Amino acid sequence: MKRLTPDDDFESIAKEKDWALVYFSATWCGPCQTMGPIVERLAADFEQSLTTVKADVDEVPELAGRYGLRGVPTLLLLKQGRVVDGQVGAMPATMLANWINEKRNQEHE
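For the sequence shown, full-length UniProt numbering begins at 1 and goes up steadily by one.
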């Protein structure tokens, strides 16, 4: 999972593969501490087909603002740089994996 910095070109990173998962979090966010390891594991599972990016809202606030984030953790699923869907809040690994697969399958139909 790539950790986004203010100097990174987000658009290029988000389009490295057809699909990208952007995980918005914050160091002060309790549920983010729970989600971090879950997203890390799923990033490894999906690494062949999905770019996974971690964005700390305090380090890249303009990106969080661009997507109108209202809370963290927030997960955005992008296809070729365009938001397909988003989830706010912590969730179990199986639920997150099912959400990713479901959205990717819908886009193939």
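Hints listed in this document are in silico derivations from the structure and should not be mistaken for laboratory results.
Be a bit skeptical, because a hint or two may be false.
Pairwise CB distance ranges, derived in the manner of DEER restraints [as the list claims (entries may be wrong)]:
{"id": "1", "residue 1": "27", "residue 2": "107", "range": "28 to 38 Å"}
{"id": "2", "residue 1": "3", "residue 2": "89", "range": "16 to 26 Å"}
{"id": "3", "residue 1": "7", "residue 2": "92", "range": "30 to 40 Å"}
{"id": "4", "residue 1": "89", "residue 2": "58", "range": "14 to 24 Å"}
{"id": "5", "residue 1": "7", "residue 2": "105", "range": "26 to 36 Å"}
{"id": "6", "residue 1": "94", "residue 2": "7", "range": "29 to 39 Å"}
{"id": "7", "residue 1": "87", "residue 2": "65", "range": "28 to 38 Å"}
{"id": "8", "residue 1": "28", "residue 2": "80", "range": "29 to 39 Å"}
{"id": "9", "residue 1": "47", "residue 2": "102", "range": "14 to 24 Å"}
{"id": "10", "residue 1": "102", "residue 2": "31", "range": "18 to 28 Å"}
{"id": "11", "residue 1": "68", "residue 2": "28", "range": "17 to 27 Å"}
{"id": "12", "residue 1": "66", "residue 2": "3", "range": "31 to 41 Å"}
{"id": "13", "residue 1": "82", "residue 2": "62", "range": "10 to 20 Å"}
Straight-line C-alpha distance at most 30 Å; calculated DSBU-like pairs for lysine-lysine [claimed, not checked]:
{"id": "14", "residue 1": "103", "residue 2": "15"}
{"id": "15", "residue 1": "17", "residue 2": "2"}
{"id": "16", "residue 1": "103", "residue 2": "2"}
Keep in mind that this is a model prediction, so the values were computed, not measured.
We put the beta carbon where it would ideally sit given N, CA and C, even for glycine.
Against the structure, the hints come out as follows:
For the hinted restraint 28 to 38 Å between residue 27 and residue 107, the CB-CB distance of approximately 33 Å keeps it satisfied. A hinted range of 16 to 26 Å holds for the C-beta pair residue 3 and residue 89, which are about 21 Å apart. Separated by about 34 Å at the C-beta atoms, residue 7 and residue 92 satisfy the suggested range of 30 to 40 Å. Between residue 89 and residue 58 the CB atoms are about 19 Å apart, so this pair conforms to the stated range of 14 to 24 Å.
Roughly 35 Å separates the CB atoms of residue 7 and residue 105, a value that falls within the hinted 26 to 36 Å. Between residue 94 and residue 7 the beta carbons are some 35 Å apart, a value that agrees with the proposed interval 29 to 39 Å. Restraint check, residue 87 to residue 65: a C-beta distance of roughly 19 Å breaks the suggested window 28 to 38 Å. Judged by the Cβ atoms, the range 29 to 39 Å given for residue 28 and residue 80 holds: they are separated by roughly 33 Å.
Between residue 47 and residue 102 the C-beta distance comes to about 19 Å, which sits within the given range of 14 to 24 Å. At about 22 Å, the CB distance of residue 102 to residue 31 agrees with the hint of 18 to 28 Å. Between residue 68 and residue 28 the CB atoms are about 20 Å apart, so this pair conforms to the stated range of 17 to 27 Å. Between residue 66 and residue 3 the beta carbons are some 18 Å apart, a value that contradicts the proposed interval 31 to 41 Å.
In this structure the hint that residue 82 and residue 62 lie 10 to 20 Å apart at CB holds, the actual value being about 19 Å. Taking the CA atoms of residue 103 and residue 15, the gap is about 17 Å. The hint holds against a cut of 30 Å. For the suggested pair residue 17 and residue 2, the alpha carbons sit about 13 Å apart, so the restraint of at most 30 Å is met. For the hint linking residue 103 to residue 2, the alpha-carbon distance of about 22 Å falls within 30 Å, and the restraint holds.
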